[in-house]
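**Q** Residues per chain are reported as follows:
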Amino acid sequence: MNVFQIFIEPFAQFGFMNRALVGAIILSVSAGPVGVFLMLRRMSLTGDAMAHAILPGAAAGFLVSGLAILPMTLGGFAAGLVVALLAGLVSRFTIQREDTSLAAFYLISLALGVMLVSLKGSNVDLMHVLFGTVLALNDDALIMIGAIATVSLVGLAIIWRPLFAECLDPTFLRSVSKAGHPVHLIFLALVVLNLVGGFQALGTLLAVGLMMLPAAASRFWVRGLEGMCALAVGFGVVSSYFGLLISYYLGVASGPSIILVAGGIYVVSLFFGRRGVIFTRVQAPRHRVA
Amino acid sequence: MSAVIRLDDLTLGYDGHPAVHHLHGAFETGSLTAIVGPNGSGKSTLLKGITGALKPLGGRIEHAGISVREIAYLPQIAEIDRTFPAVVSDLVSLGFWKSRGLFGAIRGDDRQALDEALQAVGLRGFEQRPIDTLSGGQLQRALFARVLLQDARVILLDEPFTAIDERTVGDLIALVQHWHNERRTVIAVLHDVEMVRRVFPQTLLLAREPIAWGATSETLHPENLLKARRMTEAWDEHAPWHDHAAKHHHHGDAA
Numbered sequence: 001m002n003v004f005q006i007f008i009e010p011f012a013q014f015g016f017m018n019r020a021l022v023g024a025i026i027l028s029v030s031a032g033p034v035g036v037f038l039m040l041r042r043m044s045l046t047g048d049a050m051a052h053a054i055l056p057g058a059a060a061g062f063l064v065s066g067l068a069i070l071p072m073t074l075g076g077f078a079a080g081l082v083v084a085l086l087a088g089l090v091s092r093f094t095i096q097r098e099d100t101s102l103a104a105f106y107l108i109s110l111a112l113g114v115m116l117v118s119l120k121g122s123n124v125d126l127m128h129v130l131f132g133t134v135l136a137l138n139d140d141a142l143i144m145i146g147a148i149a150t151v152s153l154v155g156l157a158i159i160w161r162p163l164f165a166e167c168l169d170p171t172f173l174r175s176v177s178k179a180g181h182p183v184h185l186i187f188l189a190l191v192v193l194n195l196v197g198g199f200q201a202l203g204t205l206l207a208v209g210l211m212m213l214p215a216a217a218s219r220f221w222v223r224g225l226e227g228m229c230a231l232a233v234g235f236g237v238v239s240s241y242f243g244l245l246i247s248y249y250l251g252v253a254s255g256p257s258i259i260l261v262a263g264g265i266y267v268v269s270l271f272f273g274r275r276g277v278i279f280t281r282v283q284a285p286r287h288r289v290a
Numbered sequence: 001m002s003a004v005i006r007l008d009d010l011t012l013g014y015d016g017h018p019a020v021h022h023l024h025g026a027f028e029t030g031s032l033t034a035i036v037g038p039n040g041s042g043k044s045t046l047l048k049g050i051t052g053a054l055k056p057l058g059g060r061i062e063h064a065g066i067s068v069r070e071i072a073y074l075p076q077i078a079e080i081d082r083t084f085p086a087v088v089s090d091l092v093s094l095g096f097w098k099s100r101g102l103f104g105a106i107r108g109d110d111r112q113a114l115d116e117a118l119q120a121v122g123l124r125g126f127e128q129r130p131i132d133t134l135s136g137g138q139l140q141r142a143l144f145a146r147v148l149l150q151d152a153r154v155i156l157l158d159e160p161f162t163a164i165d166e167r168t169v170g171d172l173i174a175l176v177q178h179w180h181n182e183r184r185t186v187i188a189v190l191h192d193v194e195m196v197r198r199v200f201p202q203t204l205l206l207a208r209e210p211i212a213w214g215a216t217s218e219t220l221h222p223e224n225l226l227k228a229r230r231m232t233e234a235w236d237e238h239a240p241w242h243d244h245a246a247k248h249h250h251h252g253d254a255a
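Protein sequence lines correspond, in order, to chains F and H. Residue numbers for the first sequence follow our numbering, beginning at 1 and rising by one. Residue numbers for the second sequence follow our numbering, beginning at 1 and rising by one.
Warning: the hint list may mix true and false statements.
[As the list claims (entries may be wrong)] Partial chain F-side listing against chain H, Cβ under 10 angstroms, derived:
| # | residue |
| --- | --- |
| 1 | Leu40 |
| 2 | Arg41 |
| 3 | Leu45 |
| 4 | Phe164 |
| 5 | Pro170 |
| 6 | Phe172 |
| 7 | Arg174 |
| 8 | Lys178 |
| 9 | Arg223 |
| 10 | Gly276 |
Honestly, the hints are just simulated from the structure, not real lab data. No experiment lies behind these values; they were computed from the predicted model shown. We put the beta carbon where it would ideally sit given N, CA and C, even for glycine.
Using the sequences and the accompanying hints, generate a full structural model.
**A** Structure (structure tokens):
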């Protein structure tokens with residue numbers, strides 16, 4: 001076996017591998033920058049909460065029309081938006097902070113979702129919704145993922161500056177503009193959008209992995225915002241490729257393989273990154289003359 | 001002289017408890033006013049009211065010919081996320097918000113304005129410094145540069161010189177005086193009475209209720225300062241609600 005056979009052939013030979021790779025790469029490009037903003041806004045766990053929140057919508061779509069893409073995606077998106085909106089409204093009009101109200105609503109949402117799936121489906125169906133099947137992506141799913149990625153990237157580009165201001169100095173943004181609150185909601189909508197895009201391939205629970213792990217790893221390497229976004233995308237793409245390859249050769253589940261590679265990149269970055277544990281420890285305590 | 005901000009029997013507070021009580025008066029266009037008073041006397045609350053962030057419990061705030069979005073406001077405790085990966089020029093450039101809006105591009109002459117603003121606050125060469133490496137004084141200089149770029153007719157500063165070294169204070173005071181010379185209206189909450197006497201022609205002495213408002217030399221009369229010091233900070237949980245029918249009784253002698 002030569003190098004080509006090992007690294008290229010699985011994708012060249014099998015359509016399902018090819019589509020899985022394309023889908024995962026598009027998702028990485030789309031979700032990476034969103035993950036970076038989530039991380040910088042100290043909302044890393046919000047992504048996880050939202051991933052649970054989309055379940056009842058996806059389940060409702062599943063009840064109506066089985067494992068069809070469009071109903072599950074639309075249902076998931078709607079459910080995620082409702083939870084994000086409700087959590088935002090509660091934190092705006094009561095003293096409860098958004099993390100608490102979000103936790104409350106996503107837990108309700110999760111229980112509702114599992115109950116809905118159990119009404120009709122088997123455990124296999126539940127596993128499919130929770131953990132996805134990247135190897136079963138068909139052309140419709142790819143088109144859906146591509147559309148979602150396009151909307152997400154354009155949306156993020158449009159709200160980039162107000163989002164930047166909202167992260168950096170929310171009080172200032174409030175004093176000069178009313179954009180702060182809408183921008184926050186649009187951003188949450190983008191998070192939900194990326195999660196529903198990911199859950200066909202990775203399932204609701206693992207979709208967050210492709211969003212958060214590359215973003216978290218990127219922070220150990222670069223300082224600038226744009227650099228972090230670019231690196232997060234790169235890490236996501238690398239994770240997708242090697243995850244699928246590992247899954248192919250070892251015969252293990254593909255979604256978890258992708259996320260575990262991303263996790264491996266995170267751990268390596270944590271230790272060996274330019275701003276990671278080891279480098280900041282062993283760096284000689286020297287300083288410049290001025 | 002015309003008033004740019006007029007306060008009409010203004011009461012501001014939290015949970016129905018007044019923090020600023022029955023305040024009457026006006027900030028003249030181009031005036032340079034210090035707000036002085038003990039902790040908890042309602043100084044910051046008044047600034048929040050003027051920016052529109054806090055709705056009055058009673059009375060009115062009138063802005064003559066300006067919208068609240070055209071007021072530059074430097075809060076006492078900035079909610080700036082120092083860990084966010086931004087550099088000094090990112091932070092200062094937020095001051096272009098009014099002129100460039102949400103989506104407008106930063107142009108070539110903006111770049112020059114940015115350079116001049118950084119120069120004016122003594123931060124030349126700091127453009128690409130990450131904000132998490134700035135000292136407290138440097139951050140305050142950067143925030144003053146942002147106020148410069150905001151080019152606002154009314155500027156509110158809440159304890160801008162707290163925990164700032166003498167030289168920085170001197171530089172920033174010069175900037176405040178420059179704004180005054182440009183006929184901008186500047187209102188600053190301050191604790192340093194000596195500095196107020198030296199720099200600020202007008203003073204509002206506040207102790208939840210207005211003690212005095214007018215020329216600094218008269219307002220900061222020892223008798224007034226003593227009166228302000230006697231202010232009680234505690235809320236009276238059982239204080240009766242104000243009868244709106246009898247709203248014309250006044251506790252202080254606001255000029």
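**Q** If a hint holds in the structure, say so; if it does not, say that too.
**A** Results for each hint:
1. Leu40: Holds: closest Cβ of chain H sits about 6 angstroms from Leu40/F, inside 10 angstroms.
2. Arg41: Check passed: Cβ of Arg41/F comes within 8 angstroms of chain H, closer than 10 angstroms.
3. Leu45: Result: violated, 17 angstroms to nearest chain H Cβ.
4. Phe164: holds (7 angstroms)
5. Pro170: Since chain H brings a Cβ to about 5 angstroms from Pro170/F, closer than 10 angstroms, the hint holds.
6. Phe172: Since chain H brings a Cβ to about 6 angstroms from Phe172/F, closer than 10 angstroms, the hint holds.
7. Arg174: Hint on Arg174/F: holds, closest Cβ of chain H at ~7 angstroms, below 10 angstroms.
8. Lys178: Result: holds, 8 angstroms to nearest chain H Cβ.
9. Arg223: Given a least distance of 6 angstroms, the restraint on Arg223/F holds.
10. Gly276: violated (16 angstroms)
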